[in-house]
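Asker: Spelled out from the first residue to the last, the chains are:
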Amino acid sequence: MERLLTKLKSIEPNKEFKERSRALILNSPQSGISIGIFNRLLNSAQFSAAFSLAAIFIFLIIGGLSMLSQRILSPALLSSLDPENLTEEAASLDFQIQLSQAEYYEESAEKVEIALNETSGELKNLENREEELNKLLNEITL
Amino acid sequence: MNHGANANNYKMTVTAALAGVLFFFSGTAFAASAEQENLNSLLQSIAEKVAEISAIAENPDLSPKEKELEETRVRKEVLFLAFDLTLLEDEGLENKLNSLSDLNDDQGKIRENLLVIFTENENAYAEMRKRLDEAVTLEEVKSLANDFKVWRSAVYNPKVEKVVSFILIFRQKQILSVAWQRLDKIKSDLEKLKNAGLINGEETDGLLKGAMLNLETAQELNRRAEEALSSILAEELDPLKAPSTGLEKEESPASPRELVEQSLESTRSAYGNFIEIAMLVKEKLNLK
Chain A
1 MERLLTKLKS
11 IEPNKEFKER
21 SRALILNSPQ
31 SGISIGIFNR
41 LLNSAQFSAA
51 FSLAAIFIFL
61 IIGGLSMLSQ
71 RILSPALLSS
81 LDPENLTEEA
91 ASLDFQIQLS
101 QAEYYEESAE
111 KVEIALNETS
121 GELKNLENRE
131 EELNKLLNEI
141 TL
Chain B
1 MNHGANANNY
11 KMTVTAALAG
21 VLFFFSGTAF
31 AASAEQENLN
41 SLLQSIAEKV
51 AEISAIAENP
61 DLSPKEKELE
71 ETRVRKEVLF
81 LAFDLTLLED
91 EGLENKLNSL
101 SDLNDDQGKI
111 RENLLVIFTE
121 NENAYAEMRK
131 RLDEAVTLEE
141 VKSLANDFKV
151 WRSAVYNPKV
161 EKVVSFILIF
171 RQKQILSVAW
181 QRLDKIKSDL
191 EKLKNAGLIN
201 GEETDGLLKG
211 AMLNLETAQE
221 LNRRAEEALS
231 SILAEELDPL
241 KAPSTGLEKE
251 ESPASPRELV
261 EQSLESTRSA
271 YGNFIEIAML
281 VKEKLNLK
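Keeping their order, the protein sequence lines are chains A and B. If you read the first sequence in my numbering, its first letter stands for residue 1, the second for the next number, and so on. If you read the second sequence in my numbering, its first letter stands for residue 1, the second for the next number, and so on.
It cannot be assumed that every hint is accurate.
[Stated by the list, open to error] Straight line, CA to CA, 30 Å or less: simulated BS3-like cross-link-like pairs of lysine-lysine: (1) B:K162 / B:K173; (2) A:K135 / B:K142; (3) B:K159 / B:K173; (4) A:K124 / B:K159; (5) B:K149 / B:K209; (6) A:K135 / B:K149; (7) B:K284 / A:K135.
[As the list claims (entries may be wrong)] Chain B regions said to be covered by chain A (calculated; three or more residues, Cβ under 8 Å): (8) 153 to 161; (9) 259 to 271.
Because the hints were derived from the structure by calculation, they are not lab data. None of the values given here were measured: they were computed from a predicted structure. Glycine included, C-beta positions come from ideal geometry on N, C-alpha and C.
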């Protein structure tokens with residue numbers, strides 16, 4: 001028994017076995033302190049992500065209605081229903097009609113007729129000569 | 001997504017259309033104001049010369065012969081000015097007619113008929129101008145003034161009335177187009193507010209309906225104005241072939257000008273409705 005034990009003690013692995021085993025050990029994933037830190041960091045990141053997601057959901061739920069209202073009451077919409085804008089638009093359209101000079105041609109026809117009546121000597125025959133002339137002569141003071 | 005894109009396109013179209021029309025109008029307005037200034041200035045010069053005629057007649061320092069010479073000179077000046085004014089008015093109206101764009105076939109035909117007026121006027125101008133240059137005596141000047149007055153009353157003024165009516169009718173169409181787009185935009189925005197539960201629409205619906213009725217009336221009056229003008233022009237060109245519009249049954253049918261003015265009034269009322277709607281919405285949403 002004692003001799004057997006002495007013999008077993010002298011047994012050594014061969015060189016090829018030693019190299020293969022070493023390579024196997026060195027290529028296997030490391031464990032220990034570094035793996036622990038990595039896991040903790042990963043856990044922490046996962047927690048942050050979950051927290052952020054939760055915050056976003058809460059924000060969306062609480063702020064959703066407000067954003068919806070803001071979207072509905074956008075400046076584009078309010079401008080179409082803004083009394084001041086509408087008044088300005090109506091005024092500018094109406095203004096264009098005034099610019100059509102329709103009124104000018106009516107007045108011009110009347111005044112030139114008075115002037116030609118006076119030039120031809122016809123106006124002096126009219127009873128309302130003064131009134132007619134005043135219509136034209138008001139032009140000078142305008 | 002597609003709906004959103006359509007809505008955005010709609011907004012852009014409405015905004016662009018409004019901006020385009022306002023830009024067109026502002027450009028026309030700028031040109032019109034300079035032209036208007038010249039016309040007003042000529043009219044004022046005519047009034048000043050007419051005042052001179054009275055002053056000469058009442059001047060005790062002048063002999064009858066001197067008065068006659070002075071009066072002849074000043075009266076002739078009035079005639080020159082009245083001539084210049086008429087030519088300037090003519091030129092301005094012709095330019096306005098030519099500057100109208102996007103006319104349909106019927107409107108194009110009306111414009112062609114109206115443009116003939118200016119060619120017809122040229123002959124009358126040439127003849128009267130010759131007489132004016134040659135006029136020496138007071139009686140010749142007075143006689144020409146009378147003829148010019150008669151021509152303006154019988155020929156020129158009615159023609160001007162038609163041209164002005166056509167320009168008004170056409171511009172009113174553009175105004176109506178802007179007003180309809182505004183109505184559609186307001187209708188769509190009110191719908192959004194109703195869907196969001198921000199307004200119930202009971203009060204705005206009546207006003208919206210009123211605006212729509214006003215615009216429909218304005219549209220119809222504008223159509224009648226165009227029809228009346230076409231009828232007048234057709235009758236002038238060929239009295240036997242003038243189309244029947246039904247207007248002749250009325251005792252005194254409204255003139256194209258009156259119809260287009262009524263149309264404008266209805267459009268103005270529609271804008272009154274728009275403003276009332278806007279104020280109601282503002283109140284409901286508690287907006288400052």
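Asker: Determine for every hint whether it applies to the structure shown.
Answerer: Here is how each hint holds up against the structure:
Restraint check: the Cα-Cα separation between K162 of chain B and K173 of chain B comes to about 17 Å, which is no more than 30 Å; the hinted pair holds. Restraint check for K135 of chain A and K142 of chain B: satisfied, since their Cα atoms lie roughly 21 Å apart, inside the 30 Å limit. With a CA separation close to 21 Å, the supplied pair K159 of chain B and K173 of chain B stays within the 30 Å bound. With a C-alpha separation of about 28 Å, the suggested pairing of K124 of chain A with K159 of chain B holds against the 30 Å cut-off.
Note on K149 of chain B and K209 of chain B: the hinted pairing is violated, with a Cα-Cα distance of about 50 Å set against a maximum of 30 Å. The straight-line distance between the Cα atoms of K135 of chain A and K149 of chain B is roughly 17 Å, inside the 30 Å bound, and the hint therefore holds. For the proposed pair K284 of chain B and K135 of chain A, the alpha carbon gap of about 52 Å is over 30 Å, so the pair is violated. Beta-carbon proximity to chain A at under 8 Å applies to 4 residues in the segment 153 to 161 of chain B; the threshold of 3 is reached and the given coverage holds.
Chain A is given as covering the segment 259 to 271 of chain B, and this holds because 4 residues of the stretch bring a CB closer than 8 Å to a CB of that chain, at least three being needed.
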